[in-house]
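**Student:** If you want the building blocks of each chain, they are given just below.
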Amino acid sequence: MDWSKVFNEVFIIGFLTASVRMAAPLLLASLGAIFTARVGIINLALEGIMLVGAFSGFYGAYLTGNPLVGALFGMAGGALTALILGFLAITVGANQTVAGTGINIFALGITSYLLSVAFGIGNRPSAVPSFKEIPIPVLADIPIIGPMLFNHIGLVYLAFLLVPVVWYILFRTPFGLTMRSVGEHPKAVDTLGGNVIRTRYICVIISGILAGLGGAVLSIGQLSVFMENITAGRGYIALAAVTFGKWNPLGVLGASMLFGAADGLQLRLQAVGLKIPYQFLLMLPYLLTMIALAGLVGKTTPPAAMGKPYSKQDAR
Amino acid sequence: MKEEINISRLNIKKRQKENKSVFGIFAPFIAVVLALLVGALIIAMAGASPLYAYQWLLYGAFGSLNSFSETLIKTTPLLISGLGLAIAFRSNMISIGAEGQIIMGGLFATLAGLYITGLPAVVMIPLLIIAGFIGGAIWGAIPGLLKAKLGVSEIINTIMLNYIALYFVNYLLDIPLREPPGYFPQSAQIVKEAWLPVILPGTRLHAGFLLGLLLVVAYYFLMFRLPLGYKIRAVGLNPHAARYGGINVERNMVIAMALSGGLAGIAGMSEIAGVQHRLLGAFSSGYGFDAIAVALLGKLHPLGVLASALFFGALRVGANSMQRAAQVPASVVYVIQGLVVIFVLTDTFLQKHMVSWRKSRPAKKTSGEEA
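Protein chains in written order, with our numbering: chain A, 244 to 559; chain B, 940 to 1310.
Chain A on its own, in the form it takes in the complex:
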């Protein structure tokens, strides 16, 4: 084993850059999932929402030739898919985990189906216009940190800039306060004249927009194609990142970076052809999540109304 291949500048910069890039879609999706979790909704549909976002983003970019329009398509597709979850979880009062599972199966089917219908069965679509890296002047020239942080596509910057924005909304605005109250004690919000149902719907849609955008980062930000099941479980990882990050944007940032780093590291190790079982690196984030949830990073307490549908009539 040739360790000099690992401990050199090219490898380390490549690894760090990849980590940031791989973290971005997770970060977008898990920031979205903060909105649902904080109002008490288990967003297991995140995987399906990302997948639809990835497809509609790709298809939008294919139709218009403009990745920016593609990103808007991705957000719209994500929001629509999230609305199914909203209807089932909020209006119907169904089991949210099962609803999420159903939506994920549906999303896998409908995206593969539409791909076949649009391009023919078994045909791989050609690459579509995708986002180009935007190096930030001056900053991008800093050694190591420059390429790592300041030479990415716009959506990657956006994902990281959204962290303080979501934090501000959550902890410093009246809407954030309503959100958190709905997640802890919906009956109290209702009694005080707040609208539990509307707040939950708004948050579900926001989560759909963000997760859909996260999916679009995968298709038109990183690969410029759409493949069946392109998300490959990233929605579930994003959901774990939210729990790992204790439903806080800063914690979620850390968790997404950790998952991104594990992904980036295995990519780089495979690229240099080291015979380390990279599967263990891939496994690491999942193991860490389990260990973290078991109490290593302190107790994690979800919002009290998590998973419980709310109805005025039988509210406790």
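FYI, nobody ran anything at the bench for these hints, they're computed from the structure.
It is possible that part of the hints are untrue.
[As the list claims (entries may be wrong)] Straight-line Cα separation of at most 27 Å, DSS-like style, residue types lysine-lysine; simulated pairs:
| hint | chain 1 | residue 1 | chain 2 | residue 2 |
| --- | --- | --- | --- | --- |
| 1 | B | Lys-1131 | A | Lys-551 |
| 2 | A | Lys-489 | A | Lys-430 |
| 3 | B | Lys-1088 | A | Lys-489 |
| 4 | B | Lys-1238 | A | Lys-551 |
| 5 | A | Lys-375 | A | Lys-555 |
| 6 | A | Lys-551 | A | Lys-375 |
| 7 | A | Lys-489 | A | Lys-551 |
[Claimed, not checked] A partial selection of chain A residues facing chain B, derived with a Cβ cut-off under 8 Å:
| hint | residue |
| --- | --- |
| 8 | Leu-331 |
| 9 | Ala-337 |
| 10 | Ile-364 |
| 11 | Asn-366 |
| 12 | Trp-410 |
| 13 | Phe-523 |
| 14 | Met-526 |
| 15 | Leu-530 |
Quantities reported herein were computed from a predicted structural model and do not represent experimental measurements.
C-beta: ideal position from N, C-alpha, C; glycine also.
Got chain A; can you put chain B on it based on the hints?
**Tutor:** The following block gives chain B in isolation, referenced to the frame of chain A:
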């Protein structure tokens, strides 16, 4: 007070009383019909004939002895792991982990089939079943224990364990278990004595299907005739009442999860010993995720699970001939599967509410009706 939610012109009213008995039985059936109708719409929108497509779907799944036996082959792992999930769901544990448990069951069965040699089939096959059960049960008990002892959500942990199992097996097939000379990520063949015998000559249908039917009966006796099943169901219905009644809630949660995983493990064993005869990286191909829908559509009842496993197995097999003959992408069956789950979820809602198209809404409100 009447609760009314208006979505444009859709008028939804609280029912006077719940007509649970009739509607409850037909709800899964209605969900399937609705899903097939929406599926037909989606096929039609792509410019194909839904009727022609569904004909081929049906023909591909049941049209010949061979296709029917292929349907039963696909039904088997869905049935066994679906029964397993039904145990977990009955105890109110939400498991997304059947996929990982199938993989671990398949791995343990493979190890037994590779390294235990010189024994006759009557010993080998039960040994593999036990090995598969143990592999799955370990993978189910971990999230069960973490939930019981530390209160960690079993949902996230079962999902995480799916990936850990997948990468672990991929690693094993990458290096230690790879069959020499090692061109493909697959293990060597398990010993012939451990193969599940073919039960329908001329087809691939193996004894795993009979095992599945036996487990349907076993599930019924366990859940509805034995004290353990009663305890598991009591924990699921109301943990506080169960605790008050002297039932060790935590212990039964762990037992339910271990049993649930164990059955999924047997599903993995049946796939290895009946179909693949060796360990492959992606041998489960999503059975564990479909099994969630199977358990749910079957209303956690053994016969219901059998029927829905057959339905999902038929969809899987029929989809390919539909794609070949009618040029309708096979993935439409996943759309139908997802819709079935979504529509089943609305049944409790429909039980409680009357849905009708609003023509002109009468303004007067009758106050005498209590829901």
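**Student:** Would you mind marking each hint as holding or not holding in the structure?
**Tutor:** Tested hints:
Straight-line distance between C-alpha atoms of B/Lys-1131 and A/Lys-551 comes to about 51 Å, which puts the hinted pair past the 27 Å bound. Among the hinted pairs, A/Lys-489 with A/Lys-430 is consistent with the structure: their alpha-carbon atoms are about 23 Å apart, no more than 27 Å. With a C-alpha separation of about 20 Å, the suggested pair B/Lys-1088 and A/Lys-489 falls inside the 27 Å cut-off, and the hint holds. At roughly 21 Å between alpha-carbon atoms, B/Lys-1238 and A/Lys-551 fall within 27 Å of each other, so this suggested pair holds.
Restraint check for A/Lys-375 and A/Lys-555: the C-alpha separation of about 50 Å exceeds 27 Å, so the hint is violated. Annotation: proposed proximity of A/Lys-551 to A/Lys-375 is violated, straight-line Cα distance about 43 Å (limit 27 Å). The suggested pairing of A/Lys-489 with A/Lys-551 holds, with an alpha-carbon distance near 19 Å, which does not exceed 27 Å. Proximity of A/Leu-331 to chain B holds as hinted, the smallest CB-CB distance being about 6 Å (cut-off 8 Å).
Because the smallest distance between the Cβ of A/Ala-337 and any Cβ of chain B comes to about 4 Å, under 8 Å, the interface hint for this residue holds. For the restraint placing A/Ile-364 at the interface with chain B, the shortest Cβ-Cβ distance is roughly 6 Å, inside the 8 Å limit, so the hint holds. Interface hint status for A/Asn-366: violated, as the beta-carbon distance to the closest one in chain B is roughly 11 Å, over 8 Å. Taking 8 Å as the C-beta cut-off, the interface hint given for A/Trp-410 is violated, the closest approach to chain B being about 23 Å.
With a least beta-carbon distance of about 7 Å to chain B, the hint placing A/Phe-523 at the interface is held under the 8 Å criterion. Evaluation of the A/Met-526 hint against chain B yields a held restraint, the C-beta minimum of about 5 Å falling below 8 Å. The closest approach between the C-beta of A/Leu-530 and any C-beta of chain B is roughly 6 Å, which is under the 8 Å cut-off, so the hint is satisfied.
When each numbered hint is compared with the structure, violations occur for hints 1, 5, 6, 11, 12.
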